[in-house]
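Enquirer: Chain by chain, the residues run as shown.
There are 2 protein chains.
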Amino acid sequence: MNIGEAARESGVNAKMIRYYERTGLVPVAQRSENGYRVYSEPDVHTLRFIKRARDLGFSVAQIEQLVQLWQDQDRSSAEVKRVALEHIRELQQKITELEAMKRTLEHLAEHCHGDHRPECPIIDDLAGSL
Amino acid sequence: MNIGEAARESGVNAKMIRYYERTGLVPVAQRSENGYRVYSEPDVHTLRFIKRARDLGFSVAQIEQLVQLWQDQDRSSAEVKRVALEHIRELQQKITELEAMKRTLEHLAEHCHGDHRPECPIIDDLAGSL
DNA sequence: CCTTGACCTTCCTACAACGGGAAGGTTTAT
DNA sequence: ATAAACCTTCCCGTTGTAGGAAGGTCAAGG
Numbered sequence: 004m005n006i007g008e009a010a011r012e013s014g015v016n017a018k019m020i021r022y023y024e025r026t027g028l029v030p031v032a033q034r035s036e037n038g039y040r041v042y043s044e045p046d047v048h049t050l051r052f053i054k055r056a057r058d059l060g061f062s063v064a065q066i067e068q069l070v071q072l073w074q075d076q077d078r079s080s081a082e083v084k085r086v087a088l089e090h091i092r093e094l095q096q097k098i099t100e101l102e103a104m105k106r107t108l109e110h111l112a113e114h115c116h117g118d119h120r121p122e123c124p125i126i127d128d129l130a131g132s133l
Numbered sequence: 004m005n006i007g008e009a010a011r012e013s014g015v016n017a018k019m020i021r022y023y024e025r026t027g028l029v030p031v032a033q034r035s036e037n038g039y040r041v042y043s044e045p046d047v048h049t050l051r052f053i054k055r056a057r058d059l060g061f062s063v064a065q066i067e068q069l070v071q072l073w074q075d076q077d078r079s080s081a082e083v084k085r086v087a088l089e090h091i092r093e094l095q096q097k098i099t100e101l102e103a104m105k106r107t108l109e110h111l112a113e114h115c116h117g118d119h120r121p122e123c124p125i126i127d128d129l130a131g132s133l
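The listed protein sequences correspond, in order, to chains A and B. For the first sequence, our numbering assigns the number 4 to the initial residue and increments by one for each residue that follows. For the second sequence, our numbering assigns the number 4 to the initial residue and increments by one for each residue that follows.
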């Protein structure tokens, strides 16, 4: 299987597969005589794993741990859970930040007439004229 | 006022002030004889405006618009509100994405024993073994 | 007068996780 | 023969920020 097909099968595009190889997230691929990268079903399975983890917002560093745990038959589920809970905390932290921003802006926007006149509480807030 | 003091006064550090100048978000600063950048109170005011907008999550591109609107006495508050509402939409979009990730992970983590055994629904999900 | 420390300058590098594109080699099909 | 659909490497851009090197400037203190 060439990189294009592996990309289609896994949902990770060719550019990213090469990137993951370069950065060590996936092992260096075999090459066929013409120099093309060759992928097997298990390789594609790993790429799908990575894709799913990226979709859940894990960083590449976290995914490295998760892939290792996945391959490790002697893993403890506690280790996996620890990585997941850490990520959940990060997500919650980000959500909290974004919600605070949103609340502030909504409050300001509510009091903005949004008409042809220049008076605007949003600008006033940014300008510190309160 | 040198860049260090402007940084302290505005909350934007010197490195970022130079960056904002380079990218055109703030005008090129005056220079004193020794080549140092010189800032006035209004300059610092602009930097504070930018800082506040960054803290609210606006992109530099959006801030460029907001600064222009701020300087423009003939602005309509509708224009400001439009920028703000667009940003609110972006924030909400991001929040929704993050919450979906978080919900999925929480669900998976709930069903993970988190003990010494390898069985783990989190890994199973990532591996697509469902 | 000289040194020290606290400034300032520019320039280069890195980060994370991609995407675009150039320049070129290979294979397959028509 | 030539087109198209692949593949390769290499380089650059993104966004906003941070670190550091190498060097110039300035004020205080010995």
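Derived from the structure by calculation, the hints contain no laboratory data. Careful: at least some of the hints might be erroneous.
[To be verified] Think about it this way: if two alpha-carbon atoms lie no more than 25 Å apart in a straight line, the pair counts; the simulated PhoX-like pairs of lysine-lysine are:
| hint | chain 1 | residue 1 | chain 2 | residue 2 |
| --- | --- | --- | --- | --- |
| 1 | B | Lys105 | A | Lys54 |
| 2 | B | Lys105 | A | Lys105 |
| 3 | B | Lys97 | A | Lys97 |
| 4 | A | Lys18 | B | Lys18 |
| 5 | B | Lys54 | A | Lys54 |
| 6 | A | Lys54 | B | Lys18 |
| 7 | B | Lys105 | B | Lys54 |
| 8 | B | Lys54 | A | Lys18 |
[Claimed, not checked] A few chain A positions that, by computed beta-carbon distances, are all more than 12 Å from chain B:
| hint | residue |
| --- | --- |
| 9 | Asn5 |
| 10 | Tyr22 |
| 11 | Glu24 |
| 12 | Val31 |
| 13 | Glu36 |
| 14 | Phe52 |
| 15 | Ala64 |
| 16 | Leu72 |
| 17 | Pro121 |
Just so you know, even glycine gets a beta-carbon here, dropped at the ideal spot from N, CA and C.
Enquirer: Each hint: holds or not?
Expert: A quick look at each hint next to the structure:
no.: 1; hint: Lys105(B) with Lys54(A); verdict: 17 Å, holds
no.: 2; hint: Lys105(B) with Lys105(A); verdict: 19 Å, holds
no.: 3; hint: Lys97(B) with Lys97(A); verdict: 10 Å, holds
no.: 4; hint: Lys18(A) with Lys18(B); verdict: 33 Å, violated
no.: 5; hint: Lys54(B) with Lys54(A); verdict: 36 Å, violated
no.: 6; hint: Lys54(A) with Lys18(B); verdict: 36 Å, violated
no.: 7; hint: Lys105(B) with Lys54(B); verdict: 30 Å, violated
no.: 8; hint: Lys54(B) with Lys18(A); verdict: 36 Å, violated
no.: 9; hint: Asn5; verdict: 22 Å, holds
no.: 10; hint: Tyr22; verdict: 19 Å, holds
no.: 11; hint: Glu24; verdict: 20 Å, holds
no.: 12; hint: Val31; verdict: 22 Å, holds
no.: 13; hint: Glu36; verdict: 32 Å, holds
no.: 14; hint: Phe52; verdict: 5 Å, violated
no.: 15; hint: Ala64; verdict: 15 Å, holds
no.: 16; hint: Leu72; verdict: 7 Å, violated
no.: 17; hint: Pro121; verdict: 5 Å, violated
Violation of the numbered hints given earlier is confined to hints 4, 5, 6, 7, 8, 14, 16 and 17; the remaining hints are satisfied by the structure.
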